[in-house]
Amino acid sequence: MSMLIIENLHARVEGKEILKGLSLSVSAGEVHAIMGPNGAGKSTLGNVLSGRDGYEVTAGTVTYNGIDLLALEPEVRAAAGVFLAFQYPVEIPGVNNTYFLRAAFNAQRKARGEKEFDSMQFLKLVREKLKVMQISDELLHRAVNEGFSGGEKKRNEIFQMAVLEPQLAILDETDSGLDIDALKHVADGVNALRSPDRAFLMITHYQRLLDYVVPDFVHVLADGRIVESGDKSLALKLEEHGYAGLGEGVAA
Amino acid sequence: MSQPASLPLVASLLDAPLPPSGIVWLDAARHENRAAFAAGGLPDTRVEAWKYTALRALGQRSFAHGDAAAASRAVAASRFALPGVVGPRLVFVNGVFRADLSALDALPPGLTLQPLAQALHGDAEPLRFVLSRPIPASEAADAFVRINAASATDGVVLRVAAHAKVAAPVQLVFVGAAAEVAAPAHPAPAALARSSASELAWHLRNVIELGEGAELNLIEHHVSEGEPAQLATFVSDIDVREGARLHHTVLQNVAAGTSLVRRSSVRVHGRAHAVLHVLELGGALVRHDLQAELIGNGARFDTRGVFMPHGRQHIDTQLTIRHQALNTTSASTWRGVANDRARGVFRGAIVVAPGADGSDASLGNKNLLLSPGAEIDTKPELEIYADEVKAAHGATVGQLDERSLFYLRSRGIPLAQARALLTAAFCRAVLDDLPNEALREHLSALLVAQLPNV
Chain A
496 MSMLIIENLH ARVEGKEILK GLSLSVSAGE VHAIMGPNGA GKSTLGNVLS GRDGYEVTAG
556 TVTYNGIDLL ALEPEVRAAA GVFLAFQYPV EIPGVNNTYF LRAAFNAQRK ARGEKEFDSM
616 QFLKLVREKL KVMQISDELL HRAVNEGFSG GEKKRNEIFQ MAVLEPQLAI LDETDSGLDI
676 DALKHVADGV NALRSPDRAF LMITHYQRLL DYVVPDFVHV LADGRIVESG DKSLALKLEE
736 HGYAGLGEGV AA
Chain B
1434 MSQPASLPLV ASLLDAPLPP SGIVWLDAAR HENRAAFAAG GLPDTRVEAW KYTALRALGQ
1494 RSFAHGDAAA ASRAVAASRF ALPGVVGPRL VFVNGVFRAD LSALDALPPG LTLQPLAQAL
1554 HGDAEPLRFV LSRPIPASEA ADAFVRINAA SATDGVVLRV AAHAKVAAPV QLVFVGAAAE
1614 VAAPAHPAPA ALARSSASEL AWHLRNVIEL GEGAELNLIE HHVSEGEPAQ LATFVSDIDV
1674 REGARLHHTV LQNVAAGTSL VRRSSVRVHG RAHAVLHVLE LGGALVRHDL QAELIGNGAR
1734 FDTRGVFMPH GRQHIDTQLT IRHQALNTTS ASTWRGVAND RARGVFRGAI VVAPGADGSD
1794 ASLGNKNLLL SPGAEIDTKP ELEIYADEVK AAHGATVGQL DERSLFYLRS RGIPLAQARA
1854 LLTAAFCRAV LDDLPNEALR EHLSALLVAQ LPNV
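Protein chains in written order, with my numbering: chain A, 496 to 747; chain B, 1434 to 1887.
Treat the hints as calculated values from the structure; they're not laboratory data. Among the clues, some could well be false.
A short, non-exhaustive set of chain B residues, derived as facing chain A with CB atoms under 7 Å [as the list claims (entries may be wrong)]:
#1 Leu-1833
#2 Arg-1836
#3 Phe-1839
#4 Ala-1862
Covered stretches of chain A, as calculated for chain B (at least 3 residues, CB under 8 Å) [unchecked claim]:
#5 544–551
#6 561–571
#7 574–586
#8 596–604
Here are the computed distance ranges between Cβ atoms for each label pair [to be verified]:
#9 Glu-568(A) x Gly-1517(B): 34 to 42 Å
#10 Ala-606(A) x Asp-1834(B): 20 to 28 Å
#11 Ile-1817(B) x Glu-611(A): 50 to 58 Å
#12 Ala-523(A) x Pro-1813(B): 55 to 63 Å
#13 Lys-610(A) x Gly-1744(B): 20 to 28 Å
Positions of the beta carbon are idealized from the N, C-alpha and C atoms, including for glycine.
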């Protein structure tokens, strides 16, 4: 059975319909890339799945591990294993990065009825993840994303993902604004987290991330719908021909 | 503005005995101030400095003067114990000096610390200038300063000799303790007479002087024993001489039935640097006039403050910083958090006097409202009469940032916890540069404890 089943999803933002009947199925172990032009609804999809306020679902369903995902509060979705890597990670002055991450980690464990980690246990876990992610522990001592460079923010998102170990990771334009070295670092992190139990939804405008994180499926999102699906060769085709002309006869 | 002197608050405070001190100039100043208080009455909200703080309810209450049992009231030492603060200590209970609770043995070299009454009994002359300084006739705005000048017979005298560096923090503790006192001679009208019989008023006058090049770490601690219904007034003069360095931390955490009216005047001389951290947590009606004058070239004055009224509390801070010399610097960061039906007031005024060229002033006040019934009034003021001045000024009132809240929730942190975490971070920002780590942790925990849902 698929981990995530999106059927005929319609969603509005500020009264404007952005998603217009999006359908998609994702199974554990798979990496799906969602590509599309600006304004197609890519970020809206990520925000609807993670439960951000201001996104009104007017029709359709999202089923995650057999439950109605849209009925859950954002923190409940997180505890159930849904993780959104933000396109624009938020700076939170005064909240220490490690403190924040431990609060999140323990809140999720508590919600799942698991025992919370004390600071020693958590520090041990964090050290292991830092090694895998090749991230300097200096980031841990700073306030959440405060004064981080664009690359540091994105790597911090991936680091959080490594610690929180979600089942479904949604990466919203994680590649945007990164130079090639930072992009490779982020891609290495994502690749290290690929596993048979985990699914990825990578939302991206450009094909270049897919050179480093090779997807199992590529979908083209245009005007609020998936207009074409294929394997990684579809991304290369897009790179060559652009989005123009795609999904003709499907989109109005 | 001229209330009838029959206002219960005014009448009862004037009813306090004024025994002669034996010092001619002091008695003259006291009588003069008492007469001015009787004539001026209390300020009403038409007085600009009192626009957001109405004294109507307080004015209807009567207060008894002095607590005869203050010298023997039990006060737990844990009330004023602070982590990271071990050093000389001067303790007052209901306005009365308590040698048994104080720590005045083996004062470090260069430090003088004694009750004002003792200092006056010895040689009053060095105090003459500051205690007999006339209060400008600005109508009723200075009512509490006047009644303090008329009625305060004790307080703190703290001096640090030139070039003395006092390493251990000096703690000044002002305890209000629940007391049963005799009914005042002018009882409030029957309808308003509720607990008036047990309400006590007391006044303290503090004089703090750092000599040239001296260094002092000062903790001013306002706290309660039990749940006293009181009115206390404080007037403090703080003089920081050339090149001296003062680090002053104020922790105000009195009981919910206590009203406090304080005036602190800080004078910063050339190349001297004063830093104030202020936490306003407790009290019923709390008013603090904090006035700094940068009177020497290169003087610097920094304040970091937070006020957190909840319930029906009213906390008003009036900060005025006057740059009066060349190349003076001030930086002020204030945060307000109001919950329930509480009210916060903050006025931040920067005045750069003619000739104070090269001044650099910044003042920011950010506020959070945690409930629809809470209110914060913030009023920035900037008056610049000099050239080549850098001045930045900003004030905001708002709710928690929705993007930050969603970010925390998307990581699994429940809404209430996310709110608490962001609010705590908002307040704690004012403690970031407090050097005493143990004290900083303790104060940070006090701020968090003040928040709902933690």
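Each hint tested on the structure:
Interface restraint check: Leu-1833(B) against chain A, minimum CB-CB distance 11 Å, threshold 7 Å, status violated. Annotation: interface hint on Arg-1836(B) holds; nearest CB of chain A at approximately 5 Å, less than 7 Å. Annotation: interface hint on Phe-1839(B) holds; nearest CB of chain A at approximately 5 Å, less than 7 Å. Interface hint at Ala-1862(B): satisfied, since its Cβ lies 5 Å from the closest Cβ of chain A, which is below the 7 Å cut-off.
Counting residues of the stretch 544–551 of chain A whose beta carbon lies closer than 8 Å to any beta carbon of chain B gives 4, which meets the minimum of three for the stated coverage. Look at the stretch 561–571 of chain A against chain B: 3 of its residues bring a Cβ nearer than 8 Å to a Cβ of that chain, three or more, so the hint holds. Look at the stretch 574–586 of chain A against chain B: 6 of its residues bring a Cβ nearer than 8 Å to a Cβ of that chain, three or more, so the hint holds. With 6 residues having a Cβ less than 8 Å from any Cβ of chain B, the stretch 596–604 of chain A passes the three-residue criterion, so the hint holds.
The hinted range of 34 to 42 Å is satisfied by Glu-568(A) and Gly-1517(B), whose Cβ atoms lie roughly 40 Å apart. The beta-carbon spacing between Ala-606(A) and Asp-1834(B), approximately 24 Å, falls within the hinted interval of 20 to 28 Å. Remark: the range hint 50 to 58 Å for Ile-1817(B) to Glu-611(A) is upheld by a beta-carbon distance near 54 Å. In this structure the supplied range 55 to 63 Å holds for Ala-523(A) paired with Pro-1813(B), their Cβ-Cβ distance being about 56 Å.
Between Lys-610(A) and Gly-1744(B), the C-beta spacing of about 37 Å breaks the proposed range 20 to 28 Å.
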